[in-house]
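Colleague: Those sequence lines, one after another, are chains C and Y. Take the first sequence: its letter number 10 is residue 15 in my numbering, and every next letter is one higher. Take the second sequence: its letter number 67 is residue 54 in my numbering, and every next letter is one higher.
Hints are computed from structural coordinates only; laboratory data are not their basis. Treat the hints with care, since some could be wrong.
Which bits of chain Y does chain C cover? Going by a derived footprint, with three or more residues having C-beta under 8 Å, they are [unchecked claim]:
id, stretch
1, 88 to 96
2, 101 to 111
3, 118 to 130
Pairwise CB distance ranges (calculated) [claimed, not checked]:
id, chain 1, residue 1, chain 2, residue 2, range
4, C, 9, Y, 70, 52 to 62 Å
5, Y, 63, C, 120, 50 to 60 Å
6, Y, 63, C, 200, 48 to 58 Å
7, C, 330, Y, 63, 31 to 41 Å
8, C, 334, Y, 207, 37 to 47 Å
9, Y, 130, C, 202, 38 to 48 Å
10, C, 9, Y, 63, 38 to 48 Å
11, C, 9, Y, 127, 32 to 42 Å
12, Y, 127, C, 16, 40 to 50 Å
13, C, 158, Y, 305, 52 to 62 Å
14, Y, 279, C, 234, 21 to 31 Å
15, Y, 128, C, 200, 28 to 38 Å
16, Y, 63, C, 173, 33 to 43 Å
17, Y, 130, C, 331, 23 to 33 Å
Pulled from the structure, derived: some chain C residues nowhere near chain Y, Cβ distances all over 12 Å [claimed, not checked]:
id, residue
18, 118
19, 155
20, 207
Predicted model, so just to flag it, every value in this text is computed and none were measured. Even glycine gets a Cβ: it sits at the ideal position worked out from N, Cα and C.
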Amino acid sequence: MLTYIIRRLIGAVILLFVVSAVVFSIFFLVPRLGGATSDDLASRYVGKSAGAEQIHQTAVKLGFTDPIYVQYGRFAKGIVVGQDYNYGPAVEHCPAPCLGYSFITQNPVLPDLLDRLPVTLSLAAGASIIWLVAGVSTGVISALRRGSWLDRSSMTVALAGVSLPIFFTGLLSLSIFSYGLGWTAPGGANPMDATNPLDWAYTMILPWITLAFLFAASYARLTRAGMLETMNEDYIRTARAKGLRERDVVIRHGLRAALTPILTIFGLDLGLLLGGAILTETTFSLPGLGQYAVQAITNNDLPKVLGVTLLGAVFIIMANLVVDLLYAVVDPRVRTQ
Amino acid sequence: MSTNTTPQLGDPAVRPGIEGFLQVKDLRVHFPTDDGVVKSVDGLSFNLERGETLGIVGESGSGKSVTSLSIMGLHPPGTAKISGQVVLNGDSLVGASPEHIRKLRGKKMAMIFQDPLSAMHPYYTVGQQIIEAYRIHNRVSKQIARKHAIDMLDRVGIPQPSSRVDDYPHQFSGGMRQRAMIAMALSCDPELLIADEPTTALDVTVQAQILDLIRDLQQEFNSAVIIITHDLGVVAELADDILVMYAGRGVEYATAHEIFTAPQHPYTWGLLGSMPRLDRERTERLRPIQGTPPSLINVPSGCPFHPRCTYAELNGGASETDRPEFVEISPRHFLACHLSERDRQRVWDNDIKPTL
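Could you build all of it, start to finish, from the sequences and the hints given here?
Modeller: Now the structure itself:
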């Protein structure tokens, strides 16, 4: 088991470097292949009135004049051992893991990311609890009452949930619950400013529900399909033949088996979300990683884009690992192999 | 369908003078579907005493398993229309509340299923599943239940039960799994045990062991056993009496000895003829029953077996219009056939017996 984890962790590190190399190439190599010179790249990061000389100086300062592998080597070295940068008056040391400095604000990227992570974490944690509880219970009830009006109406709502984009449901709920009824905080509130959990929930409840609605819908459909399958299994008949109460048959025997695939998808979804829920954060103006990514992309701030992409990749890779390990906990048949 | 001319069953197949521990009278299990009503069981009667074994034999779709699930009350609510009577130790089961039947399940009546791998939950250890079964009906601590589970595993012949109790079903071999299923079924000492094709999914070498086990445990627990199978070899091994089912009805009921030595129904002859035997010359080919089991939505009129019956024309067309009654033709031998006794005896002596 331990060797398996170590092997997976080594694999994860290699994968992260591949991801970083690919992302680096997309932003630094592809423009060159398209014919852009280092000065062309640098012209984005100087004022509009800057002369050719100033642009060239910026290109040298940002390292664009070096060969691409040197640039990547510098970036990779920064992550492993740290890096000294000289963008302004003085040389600044960026300790490992260094994701570089913003080309525009000249702030180091990592502290920015760590600043914004709690917001995204708040969003993902709250929303995932809501969608798990709502989605799974709706799915179970739908499966048990298959064909009833309850099943049909909840599956219709679920279809709507999967289909409606967040910027629609989010803005609609903002206008009704926040601006209309005044029940929840308006958009743009920072949950990290909250002084107590109640305040925090007050700020986050609408983003949670909006995001959870989207996921709950697909979880409800998944759970329903899984339950329909497992409740037809022979071992369910055995459980009934033992005289078990129907509630225990459903939960201990049916849902227990149906939850396994849901757990897998939950882990991956959560990993994906931790890298930033772009639409939700943008809709509610939450200063999380998603919003950070959007701003970085709009500004062509390549180190920020690289940083947020890498952090997202870390979460997804870790989530994959955790899911694979959890599988062994959940399904004894996996354990012995 | 000439439902009007279908004669009502007269006396059900009650063995004279005995009030059964399990009585099934005129049981009908119908499933309404979009294509019509599936009459899986259509007027079945039998009796069973404690300490005795009844074998129910028939092809797939003859209603064997549906019968057992009806006794256990395991048809999902709303799917099956069940009428008739099922009385277990004086307790009427048809029409009883689901909660009442649930409390009887596992405690008074238990069931063993065909495929022990799919019948056990893959995520729980064998021990957990037996403990669960025991604790549903017995208010005991987990430690006591665990001791009981180990004890049960030991009794069904699992080696090193105190360590195997923590194994998962997939770590057991097929025969061991079926032993564990039996341990689970017997954990609450049920008075009625229904074994639905208990050996079909097993290795031939293991089948005999499992059958031996069922017989030994039956003697030990003095329970009534119904063994459902399409394999006449299994019932020959175990059953005191045999009920042959066809299209949801009983067509012949007799002691096992009589079914094998003096069967009276053409369908029983067919079953015997299609059974491979090692103790006879290999010159003859097996003789399968021609045709396929009938649709249970459009059951053939009269005797449902008549389209496949070689001797149907011997009774002047009666088999196409009248449903033969299930009557006692000799003590403890019931039959539903239009053939006259003389014809049956002649066909059996001349055509059938020499080939078996």
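Colleague: None of the hints should be skipped; say for each whether it holds.
Modeller: Evaluation of the provided hints:
Figure legend: the stretch 88 to 96 of chain Y, annotated as covered by chain C; annotation consistent (6 residues with Cβ-Cβ distances under 8 Å, at least 3 required). Residues of the stretch 101 to 111 of chain Y lying with their CB closer than 8 Å to a CB of chain C number 7, which satisfies the three-residue condition for coverage. For the stretch 118 to 130 of chain Y, the stated coverage by chain C holds: 4 residues have a C-beta nearer than 8 Å to a C-beta of that chain, and at least 3 were required. Judged by the Cβ atoms, the range 52 to 62 Å given for residue 9 of chain C and residue 70 of chain Y holds: they are separated by roughly 58 Å.
Distance hint check for residue 63 of chain Y and residue 120 of chain C: the Cβ-Cβ separation is about 55 Å, which falls inside the suggested range of 50 to 60 Å. Between residue 63 of chain Y and residue 200 of chain C, the C-beta spacing of about 54 Å keeps the proposed range 48 to 58 Å intact. Range check, residue 330 of chain C to residue 63 of chain Y: about 37 Å between beta-carbon atoms, so the 31 to 41 Å window is met. At roughly 40 Å, the beta-carbon separation of residue 334 of chain C and residue 207 of chain Y lies within the given 37 to 47 Å, and the hint holds.
Look at residue 130 of chain Y against residue 202 of chain C: about 41 Å separates their beta carbons, and that is inside 38 to 48 Å. Checked against the hint of 38 to 48 Å, the C-beta distance between residue 9 of chain C and residue 63 of chain Y comes to roughly 42 Å, which is consistent with it. For the pair residue 9 of chain C and residue 127 of chain Y, the beta carbons lie near 40 Å from each other, so the given range of 32 to 42 Å is met. In this structure the hint that residue 127 of chain Y and residue 16 of chain C lie 40 to 50 Å apart at CB holds, the actual value being about 49 Å.
In this structure, residue 158 of chain C and residue 305 of chain Y meet the distance hint of 52 to 62 Å, their C-beta atoms being roughly 56 Å apart. Our hint of 21 to 31 Å for residue 279 of chain Y and residue 234 of chain C holds, since their Cβ atoms are close to 30 Å apart. Checked against the hint of 28 to 38 Å, the C-beta distance between residue 128 of chain Y and residue 200 of chain C comes to roughly 48 Å, which is inconsistent with it. Taking the beta carbon of each, residue 63 of chain Y and residue 173 of chain C are about 40 Å apart, inside 33 to 43 Å as hinted.
Our hint of 23 to 33 Å for residue 130 of chain Y and residue 331 of chain C holds, since their Cβ atoms are close to 29 Å apart. Consistency note on residue 118 of chain C: stated as away from chain Y, and its beta-carbon is indeed over 12 Å from all of that chain's, at 39 Å minimum. In this structure residue 155 of chain C is separated from chain Y by more than 12 Å, as the shortest Cβ-Cβ distance comes to about 15 Å. No beta-carbon of chain Y is positioned within 12 Å of the beta-carbon of residue 207 of chain C; the least distance is around 40 Å.
In the structure shown, a violation is registered for the earlier hint numbered 15 alone.
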